[in-house]
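Peer 1: All chains should be built: construct the whole structure from the sequences, respecting the hints.
Residue numbers (full-length UniProt numbering): 1 to 191.
Hints were generated in silico from the structure; no laboratory data involved.
This structure is a prediction, so every number in the text was calculated from the model and none was measured.
By construction, the Cβ of each residue, glycine as well, lies at the ideal position given by its N, Cα and C atoms.
Treat the hints loosely; a few may be bogus.
Unchecked claim - What follows is a list of derived Cβ distance ranges for each label pair: (1) Arg13 x Pro101: 37 to 43 Å; (2) Arg26 x Gly104: 32 to 38 Å; (3) Glu151 x Leu98: 34 to 40 Å; (4) Ser153 x Leu55: 37 to 43 Å.
Stated by the list, open to error - Listed next, the in silico EDC-like pairs over lysine to aspartate or glutamate satisfying Cα-Cα at most 16 Å (straight line): (5) Lys97 x Asp144; (6) Lys97 x Asp117; (7) Lys97 x Asp74; (8) Lys93 x Asp103; (9) Lys93 x Asp62; (10) Lys93 x Asp68.
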Amino acid sequence: MPEITAVSSFSARIVERLSVGATSRRERVIHSLDGLETPVHPDTLAHTGADLWHLLQKQVPDGLDSVDFLLGLDAGGILPTVSLAGAAHLPYKIAWKLHLPLDGAVRFSEPHAMRTDVFAYGIAPGQRIVIVDDEITTGRTLADLTRRLHEASAVPLAAVCLVEDTTRGARDLLTDLGLPLVSLTTIEGAA
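Peer 2: Laid out in structure tokens, this is it:
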């Protein structure tokens, strides 16, 4: 008989970074999928993706039947993107901090990072995209990506994250751009 594995609920918290650059945030959100404190069982990854998919379907019911792909942000957005793709049976792409000679390049900025330029490739007019990241604080990265996708005539349908810092106005910023934000959990970060 197969072993039944208990899957713990998702959790997140903020810790202080011990070494930061001039443009980096002083704090870091850590969560139960990042593997920093405890090992992550594959069932936890799958259950988290299923939870994200159910929330997305509930909060953004229109247009999900015509999603072309998920667009995850490196590096923190890779795990939630893969877990959501598995649950939703949707293809995914990852935006990387690599400037490459590839077609359909969309360049956007992650202003709080040491290397701020991020690139999504293979973006074409009319593509319907759900953006995925692990955490959202100010919303400036996803807002810039949303603007750049619109400029490329792509259609960002929603943003999905594991953890939303509710103190920095990200939700309002994205709402003003017409991008619904779906978050698995919320925390109040250090302002």
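Peer 1: Holds or violated: are the alpha carbons of Lys93 and Asp103 at most 16 Å from each other?
Peer 2: holds, 14 Å
Peer 1: Against the 16 Å threshold, does the CA-CA distance of Lys93 and Asp68 hold or violate the hint?
Peer 2: Status holds; Cα separation ~10 Å.
Peer 1: Quick one: are Arg13 and Pro101 within 37 to 43 Å, going by C-beta?
Peer 2: 41 Å Cβ-Cβ, so the 37 to 43 Å window holds.
Peer 1: How does the Cβ-Cβ distance of Arg26 and Gly104 compare with 32 to 38 Å: does it lie in that range?
Peer 2: Distance hint for Arg26, Gly104 holds at roughly 36 Å.
Peer 1: Taken at face value, is the distance from the CA of Asp117 to the CA of Lys97 at most 16 Å?
Peer 2: holds, 6 Å
Peer 1: Between the alpha carbons of Lys93 and Asp62, is the straight-line distance 16 Å or under?
Peer 2: This hinted pair is violated, its Cα atoms lying about 22 Å apart.
Peer 1: Could you check the hint for me, namely that Ser153 and Leu55 are 37 to 43 Å apart, CB to CB?
Peer 2: Violated: the Cβ-Cβ distance is about 28 Å, outside 37 to 43 Å.
Peer 1: Taking only the CA atoms, is the gap from Lys97 to Asp144 under or equal to 16 Å?
Peer 2: Since the Cα atoms of Lys97 and Asp144 sit roughly 15 Å apart, the hinted pair holds (cutoff 16 Å).
Peer 1: Mind checking the hinted window 34 to 40 Å against the Cβ distance between Glu151 and Leu98?
Peer 2: Once the Cβ atoms are compared, 20 Å apart, the range 34 to 40 Å for Leu98 and Glu151 is violated.
Peer 1: Regarding the pair Lys97 and Asp74, is the alpha-carbon distance no greater than 16 Å?
Peer 2: holds, 7 Å
The structure shown violates the earlier hints numbered 3, 4 and 9.
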